[in-house]
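Asker: Residue numbers (the numbering used here): 37 to 375.
Everything labelled a hint here was simulated from the structure, so no lab data went into it. Among the clues, some could well be false.
As the list claims (entries may be wrong) - Here are the simulated lysine to aspartate or glutamate pairs, EDC-like style, with alpha carbons at most 20 Å apart: (1) K332 - D164; (2) K174 - E281; (3) K110 - E236; (4) K170 - D241; (5) K160 - E186; (6) K244 - D173; (7) K160 - E281; (8) K345 - E186; (9) K160 - E92; (10) K192 - E210; (11) K183 - D154; (12) K170 - E316; (13) K192 - E281; (14) K170 - D280; (15) K160 - D338; (16) K174 - E82; (17) K170 - E281; (18) K183 - E82; (19) K332 - D148; (20) K160 - E315; (21) K183 - D280; (22) K174 - D338; (23) K174 - D205; (24) K170 - D153; (25) K160 - D241; (26) K160 - E184; (27) K170 - E186; (28) K183 - D84; (29) K244 - E281; (30) K170 - E82; (31) K110 - E311; (32) K345 - D188; (33) K160 - D148; (34) K183 - E307; (35) K160 - D84; (36) K183 - E281; (37) K345 - D241; (38) K345 - E316; (39) K160 - E307; (40) K192 - D338.
This one's a predicted model, so the numbers in the text were calculated from it and none came from an experiment.
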Amino acid sequence: MQQDAVFSTNPSTDPSPESGLYSQVIDSFLSLLYLHEWLNPSLRTEADYTPFNMQEQIQAQQLIAQVLPHSTRKQTLSNALLPCQTIVNSCSFQIPRELFYTTSTPSYPGIDIYLVDDIHDQWKLAVDLLNPLKLIDKRGVRFRIHKEIESDLRQKSCGTTSTSAITADHTAFESNRTNLFACILMAVIRHCNCHPLYSEFLNIDASKMRDLSLRVNKSDVCTLDSYDNCARAFVHFASRHANDEPLPTNDNRISTDVAACRSQNHMPCSEVRYEGLIEEYNLPQDWQNSQDFFAKLTLAYDTMLVTEKLTSNDPNFYELLNFIGYNVALWFSIGHIIW
């Protein structure tokens, strides 16, 4: 099964009702970079990241404060950001060239595509997006994928099979015990006196998380420095990939609060991943001559079989005997047939 998606920009069309935001911020390349990192703090951890100096950061903050006052910031950004409407094969970006063109960025920087199993899990999308497919201007990407389910059975609550692990996750979700990130976000606001900008775009159910909703609304947004100096260390432990990491011994705030959040919430038993072969190629010459951004993404299932990977502690003696017995019987039968 194969799915294609073509992404393009059309300079004659401006879909954003808030294009004025970018026309003001774009005059300052530093402000654009600041806004990008403000929305996505993980950029600072990338290998090619270039930090701001103090003067550049102050200049960018002042301009953004003028363009994005607190009272209208969320609505303005919500209108300006271009969302992927449904799934990858129905995404179509039409971005006016003037929204990204500067002497420093004459071409569109590209699009990151993440393959996830549940686009409605906003908490996971906030902290657990890894290894994107990068769409570059005038280039195509073909990804031949297969689905893998990884189950961690080292927790007793996860059971002994991938089915029981998935069931345990579902039961925990239904009983409202999958709020690790929400709990850690509360700790961030308490200790750092600010909240990450992206948390304003989370759909926080005030009936279930009234305290968190109030604290996000009443606290300030973390600057890049305050996020890096305080919030980042907490948020790091919200990712499922940090579940097995020991807590720091040199910061009681983090170790105490994160330990409490872990004890109050279910640690995921299973994870769906999409692995496979990535092929890149140049687009046809007709597209190469355009000043617009063009990129093509093809997703093709290499196989419809699902690979299951289980992580468990050493099997008990009974399980080990069963495993050995099965294999002895199997190879005895094969040897008997060959003989």
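Asker: Each hint: holds or not?
Answerer: Evaluated hints:
For the proposed pair K332 and D164, the alpha carbon gap of about 25 Å is over 20 Å, so the pair is violated. Restraint check for K174 and E281: the C-alpha separation of about 41 Å exceeds 20 Å, so the hint is violated. Taken as a hint, the K110 and E236 pair is honoured in the structure, with Cα atoms around 7 Å apart against an allowance of 20 Å. The straight-line distance between the Cα atoms of K170 and D241 is roughly 33 Å, outside the 20 Å bound, and the hint therefore fails.
Distance hint between K160 and E186 is fulfilled; the C-alpha atoms sit about 16 Å from each other, no more than 20 Å. The suggested pairing of K244 with D173 is violated, with an alpha-carbon distance near 43 Å, which exceeds 20 Å. Between K160 and E281, the direct Cα distance comes to roughly 18 Å. Compliance with the 20 Å bound is thereby established for this hinted pair. Our distance criterion of 20 Å between C-alpha atoms is met by K345 and E186, whose separation comes to about 5 Å.
Restraint check for K160 and E92: the C-alpha separation of about 33 Å exceeds 20 Å, so the hint is violated. The suggested pairing of K192 with E210 holds, with an alpha-carbon distance near 19 Å, which does not exceed 20 Å. With a C-alpha separation of about 13 Å, the suggested pair K183 and D154 falls inside the 20 Å cut-off, and the hint holds. Annotation: proposed proximity of K170 to E316 holds, straight-line Cα distance about 10 Å (limit 20 Å).
The straight-line distance between the Cα atoms of K192 and E281 is roughly 18 Å, inside the 20 Å bound, and the hint therefore holds. Restraint check for K170 and D280: not satisfied, since their Cα atoms lie roughly 29 Å apart, outside the 20 Å limit. Distance restraint check for K160 and D338: the Cα-Cα separation of roughly 26 Å exceeds the 20 Å cut-off, and the hinted pair is therefore not satisfied. Our distance criterion of 20 Å between C-alpha atoms is broken by K174 and E82, whose separation comes to about 24 Å.
A threshold of 20 Å between alpha carbons decides the hint, and for K170 with E281 the separation of about 29 Å lies outside it, so the pair is violated. For a cut-off of 20 Å, the pair hint linking K183 to E82 is broken: about 27 Å separates their Cα positions. For the hint pairing K332 with D148, the CA-to-CA distance comes to about 12 Å; that is within 20 Å, so the pair holds. About 27 Å separates the Cα atoms of K160 and E315, which puts this hinted pair outside 20 Å; it is violated.
Taken as a hint, the K183 and D280 pair is broken in the structure, with Cα atoms around 24 Å apart against an allowance of 20 Å. Between K174 and D338 the CA atoms are separated by roughly 25 Å; this puts the pair beyond 20 Å, and the hint is violated. Distance restraint check for K174 and D205: the Cα-Cα separation of roughly 41 Å exceeds the 20 Å cut-off, and the hinted pair is therefore not satisfied. Distance restraint check for K170 and D153: the Cα-Cα separation of roughly 19 Å lies within the 20 Å cut-off, and the hinted pair is therefore satisfied.
Annotation: proposed proximity of K160 to D241 holds, straight-line Cα distance about 16 Å (limit 20 Å). For the hint pairing K160 with E184, the CA-to-CA distance comes to about 18 Å; that is within 20 Å, so the pair holds. Distance restraint check for K170 and E186: the Cα-Cα separation of roughly 24 Å exceeds the 20 Å cut-off, and the hinted pair is therefore not satisfied. As the CA atoms of K183 and D84 are separated by approximately 30 Å, the hinted pair breaks the 20 Å bound.
For the hint pairing K244 with E281, the CA-to-CA distance comes to about 29 Å; that exceeds 20 Å, so the pair is violated. Annotation: proposed proximity of K170 to E82 holds, straight-line Cα distance about 14 Å (limit 20 Å). Restraint check for K110 and E311: not satisfied, since their Cα atoms lie roughly 35 Å apart, outside the 20 Å limit. Annotation: proposed proximity of K345 to D188 holds, straight-line Cα distance about 9 Å (limit 20 Å).
Between K160 and D148, the direct Cα distance comes to roughly 17 Å. Compliance with the 20 Å bound is thereby established for this hinted pair. Using a Cα cut-off of 20 Å, the hinted pair K183 and E307 holds, with the two alpha carbons roughly 11 Å apart. With a CA separation close to 25 Å, the supplied pair K160 and D84 exceeds the 20 Å bound. For a cut-off of 20 Å, the pair hint linking K183 to E281 is broken: about 26 Å separates their Cα positions.
Between K345 and D241 the CA atoms are separated by roughly 34 Å; this puts the pair beyond 20 Å, and the hint is violated. In summary, the hint linking K345 to E316 is not supported, as the alpha carbons are separated by about 28 Å, beyond the 20 Å threshold. Under the criterion of a C-alpha separation no larger than 20 Å, the hint pairing K160 with E307 is consistent with the structure, at around 11 Å. Among the hinted pairs, K192 with D338 is inconsistent with the structure: their alpha-carbon atoms are about 34 Å apart, more than 20 Å.
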